[in-house]
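2 protein chains.
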Amino acid sequence: MDKAALESYYKANHDRFLEEWKTFLAFESISTDSAYNDKCTECAQWLVTHLEGMGLHAELLETSTKPVVHAYKKGKDGASTVVYYGHYDVQPVDPLDLWDTPPFEPTLRGSRLYARGAQDNKGQTFYFLKALETLLANDALDNTIKIFIEGEEETGSYGITESIPKWKDKLQGDVLMVCDTGAVAKGVPTVTMGLRGINHLEVYMGGIKHDLHSGSHGGMVKNPAMEMARLMATLHDESGRIAVEGYYDDVANVSEQDKELANAGPFTEEGYKEQIGVLPTGGEDGFTAVERKGFRPTIEINGIHSGYGGEGNKTIIPSEAIAKVSCRLVGNQDPQKSLEQLVAHLEKHAPKDLDFEIRHKTIGGPALLVSSTSPVIQKAAAVLDQLSDEKPVYSWEGGSIPVVAELAKVSGAEPLLIGFGLEEDRIHAPNESFDVDQFALGFLYASLMLQAL
Amino acid sequence: MDKAALESYYKANHDRFLEEWKTFLAFESISTDSAYNDKCTECAQWLVTHLEGMGLHAELLETSTKPVVHAYKKGKDGASTVVYYGHYDVQPVDPLDLWDTPPFEPTLRGSRLYARGAQDNKGQTFYFLKALETLLANDALDNTIKIFIEGEEETGSYGITESIPKWKDKLQGDVLMVCDTGAVAKGVPTVTMGLRGINHLEVYMGGIKHDLHSGSHGGMVKNPAMEMARLMATLHDESGRIAVEGYYDDVANVSEQDKELANAGPFTEEGYKEQIGVLPTGGEDGFTAVERKGFRPTIEINGIHSGYGGEGNKTIIPSEAIAKVSCRLVGNQDPQKSLEQLVAHLEKHAPKDLDFEIRHKTIGGPALLVSSTSPVIQKAAAVLDQLSDEKPVYSWEGGSIPVVAELAKVSGAEPLLIGFGLEEDRIHAPNESFDVDQFALGFLYASLMLQAL
Numbered sequence: 001m002d003k004a005a006l007e008s009y010y011k012a013n014h015d016r017f018l019e020e021w022k023t024f025l026a027f028e029s030i031s032t033d034s035a036y037n038d039k040c041t042e043c044a045q046w047l048v049t050h051l052e053g054m055g056l057h058a059e060l061l062e063t064s065t066k067p068v069v070h071a072y073k074k075g076k077d078g079a080s081t082v083v084y085y086g087h088y089d090v091q092p093v094d095p096l097d098l099w100d101t102p103p104f105e106p107t108l109r110g111s112r113l114y115a116r117g118a119q120d121n122k123g124q125t126f127y128f129l130k131a132l133e134t135l136l137a138n139d140a141l142d143n144t145i146k147i148f149i150e151g152e153e154e155t156g157s158y159g160i161t162e163s164i165p166k167w168k169d170k171l172q173g174d175v176l177m178v179c180d181t182g183a184v185a186k187g188v189p190t191v192t193m194g195l196r197g198i199n200h201l202e203v204y205m206g207g208i209k210h211d212l213h214s215g216s217h218g219g220m221v222k223n224p225a226m227e228m229a230r231l232m233a234t235l236h237d238e239s240g241r242i243a244v245e246g247y248y249d250d251v252a253n254v255s256e257q258d259k260e261l262a263n264a265g266p267f268t269e270e271g272y273k274e275q276i277g278v279l280p281t282g283g284e285d286g287f288t289a290v291e292r293k294g295f296r297p298t299i300e301i302n303g304i305h306s307g308y309g310g311e312g313n314k315t316i317i318p319s320e321a322i323a324k325v326s327c328r329l330v331g332n333q334d335p336q337k338s339l340e341q342l343v344a345h346l347e348k349h350a351p352k353d354l355d356f357e358i359r360h361k362t363i364g365g366p367a368l369l370v371s372s373t374s375p376v377i378q379k380a381a382a383v384l385d386q387l388s389d390e391k392p393v394y395s396w397e398g399g400s401i402p403v404v405a406e407l408a409k410v411s412g413a414e415p416l417l418i419g420f421g422l423e424e425d426r427i428h429a430p431n432e433s434f435d436v437d438q439f440a441l442g443f444l445y446a447s448l449m450l451q452a453l
Numbered sequence: 001m002d003k004a005a006l007e008s009y010y011k012a013n014h015d016r017f018l019e020e021w022k023t024f025l026a027f028e029s030i031s032t033d034s035a036y037n038d039k040c041t042e043c044a045q046w047l048v049t050h051l052e053g054m055g056l057h058a059e060l061l062e063t064s065t066k067p068v069v070h071a072y073k074k075g076k077d078g079a080s081t082v083v084y085y086g087h088y089d090v091q092p093v094d095p096l097d098l099w100d101t102p103p104f105e106p107t108l109r110g111s112r113l114y115a116r117g118a119q120d121n122k123g124q125t126f127y128f129l130k131a132l133e134t135l136l137a138n139d140a141l142d143n144t145i146k147i148f149i150e151g152e153e154e155t156g157s158y159g160i161t162e163s164i165p166k167w168k169d170k171l172q173g174d175v176l177m178v179c180d181t182g183a184v185a186k187g188v189p190t191v192t193m194g195l196r197g198i199n200h201l202e203v204y205m206g207g208i209k210h211d212l213h214s215g216s217h218g219g220m221v222k223n224p225a226m227e228m229a230r231l232m233a234t235l236h237d238e239s240g241r242i243a244v245e246g247y248y249d250d251v252a253n254v255s256e257q258d259k260e261l262a263n264a265g266p267f268t269e270e271g272y273k274e275q276i277g278v279l280p281t282g283g284e285d286g287f288t289a290v291e292r293k294g295f296r297p298t299i300e301i302n303g304i305h306s307g308y309g310g311e312g313n314k315t316i317i318p319s320e321a322i323a324k325v326s327c328r329l330v331g332n333q334d335p336q337k338s339l340e341q342l343v344a345h346l347e348k349h350a351p352k353d354l355d356f357e358i359r360h361k362t363i364g365g366p367a368l369l370v371s372s373t374s375p376v377i378q379k380a381a382a383v384l385d386q387l388s389d390e391k392p393v394y395s396w397e398g399g400s401i402p403v404v405a406e407l408a409k410v411s412g413a414e415p416l417l418i419g420f421g422l423e424e425d426r427i428h429a430p431n432e433s434f435d436v437d438q439f440a441l442g443f444l445y446a447s448l449m450l451q452a453l
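For the record, the sequence lines run as chains A and B.
Going by my numbering, the letters in the first sequence line up with residues 1 to 453, in that order.
Going by my numbering, the letters in the second sequence line up with residues 1 to 453, in that order.
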């Protein structure tokens, strides 16, 4: 089906699509609160029925936590296999009184549908499903389709992550489609070219029985607050480069072309300051802000706490200190190996004569890095060119979706992250909504993309 | 009066001394809680009457806060002038249910009198007053006496500190006696040879509008938690020496004799670890722990706070960070000048492109440093030799009593800090008490000392 045929089909079915989308949104599938466990299961079961109605073989895959909706449709021999990942769970809705209409009573106002999950990720998953349905109904799909829609993305993806190795056969594919990202502006197609990996840990120092008088003990005892500051300061050199031995060994070299694409986005230092409050002058020397976010690893303090923090002063030497540290990984950095490198650095520079512990070590997952020369990306570029007069933007994101990186790794499929979310959708906040025009654009993209693969 | 005569007088008057001491202790003179303002004033007025009864001219000196009890007695021409400093206010009493007997119903159990203030400072001030009374009653005192007993020591000494410059003439003297310190063990006379000065301030970094996602912004923005750690780490070099320019310019050289005396105390590294939990291996290389506490300046973090501190992890870049910093000063370090040196260092090393502020700068006061070759200390040594078979211990304390340093400076008097408090007195805690034997020792010391000066 070409663009015109798809637009015509969409127009004819728009009202039904909208009603079904509203039905999907009405399930109170809040994953973080166990009081909604039954609502999550009901939502998953509705999806199974819906996918079967579309002509796929669908089932619930049980995990140790919430079930994953899985659907399968064998394609033509020799056609590629598309794995789709999405999630049916949503964020909590509080504060409820800030919602103009109830979060689980989807309401259309202007061109926007308001509901929790309207965009993230029910809305974006639903335009993919409607695209798939359209191609199946019109006998226009050659590919094998493998769908995985989980119910815990908003609360850690534990069940699916645990199950991925077991489902290795089920997961094998050529392309991993995800529609859970955003566009830089309405009508501007945006390709997410990378996600960073993540690790985190907590550093503890202590051993002093209680807070000490800073006069009676100052200069005698090692001060955990000061020692923690000194330890954290060893993590980077003067130029902002990470000083952990071996940390850059597996950081991929990025092509000049990809750097150019990354820097061609609408980012400006002044715009950043306007939005965030300060200039984007952190990180390593020798890279633009966009490059530092997309292509370079980080080690950040998420929190540091020790001693007195109230009004006025309290002249103590704190008995202990903690620092919470997270790392973003890029390229081929192995999460396990880079965590070990960081731990070795911290242990090497730890102060003597204080208790020292590295705890809550968590391997979050590897990075995803796609090159603009990849055939899948080139096909996507051709599809996106049909959708908009605007040139697509290529965005190497700094964030992490560990389960996507893991799915890509185990499935062997090349990731393709294109989404149509906008900043104004207010995902995770009261009055979440999704622009029906962006939904339609997503439908067109997914329909054309599936055919192009 | 010699020791035997004093002992005999004390024995004859012991019961009366104890009853009067109990009366003094029964006043609920808690300075930190304004609900007790009247009790403080009643206590001060009782002291005035009591001092007049002893034959001194006594009055209340009003300040902007609580009144200071002042008493004066002209001595013989050519005799030295002794200024005495103490305080009639006490710490709060909570938690009240941990007291075995009510804190303001002084109760003798064994050789100890239990009450809030039993030692700190009503008990120690009262043996000085009884010594003075004894000498006056026996016509054995040549010195001019100037007494200042304030009512706010436990809550910042604001009133007296503010008034010291105005009272310059009233304060002029040769020796400043203070009985508000402790002894290292029962029966072991202890001379406090130094107190450190103090400054403090708070460092703030921010400018980021709200906590940021550590993925979307990591490597782009300067992380206030990390920048604060890096700034704090500049305060000392690798050897633990303070790296602030000029900071050691006015640190006095301490004689080998004083170092020996300081190190001759009962301090051991193992004992410290037993008590505190860690070895005393902080501070600068090249000095013993006791020397580092007594003779060297410090810059300590009293608190550092930024970002997430709860369970688990939260991958944010915190929007701001604070650090509370206090400094102990020694020798001739001028508080104003050393604060300026520290501020200049912090400003020089502050990160660019974050908001940066040094706030709540407070000049706490200079150090007190007495040498063992001082004539007053030598006279004290001779007195203490009479009191005990144990050799006196000379202790250079790390803490600060800013008002004492200021009184010494303005009065021109040489400080003489000898007290008989013990660790087991539990000052500031429930069931504070003072050993009546230590009270008697204090009485003997004060009586002999006043005659020796």
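Since the hints were made in silico from the structure, they are not lab data.
Where hints are given, some of them may not hold.
Unchecked claim - Below are the BS3-like pairs computed for lysine-lysine, each with C-alpha atoms no more than 25 Å apart in a straight line: (1) A/Lys273 / B/Lys337; (2) A/Lys170 / A/Lys409; (3) B/Lys337 / B/Lys74; (4) B/Lys186 / B/Lys166; (5) B/Lys348 / A/Lys273; (6) A/Lys186 / A/Lys379; (7) A/Lys314 / B/Lys74; (8) B/Lys74 / B/Lys379; (9) A/Lys352 / B/Lys379; (10) B/Lys74 / B/Lys186; (11) A/Lys361 / B/Lys314; (12) B/Lys391 / B/Lys3; (13) A/Lys168 / A/Lys409; (14) B/Lys361 / A/Lys273; (15) B/Lys337 / B/Lys314; (16) B/Lys74 / B/Lys209; (17) B/Lys168 / A/Lys209; (18) B/Lys186 / B/Lys361; (19) B/Lys379 / A/Lys314; (20) A/Lys409 / A/Lys74; (21) B/Lys168 / B/Lys11; (22) B/Lys74 / A/Lys273; (23) B/Lys337 / B/Lys209; (24) A/Lys379 / A/Lys3; (25) B/Lys74 / B/Lys168; (26) A/Lys337 / B/Lys314; (27) B/Lys348 / B/Lys361; (28) A/Lys337 / A/Lys76; (29) B/Lys168 / A/Lys314; (30) A/Lys273 / A/Lys259; (31) B/Lys273 / A/Lys348; (32) B/Lys22 / B/Lys186.
Index of numbered hints that the structure contradicts, given in increasing order: 1, 3, 4, 7, 9, 10, 14, 15, 16, 17, 18, 19, 21, 22, 23, 28 and 29
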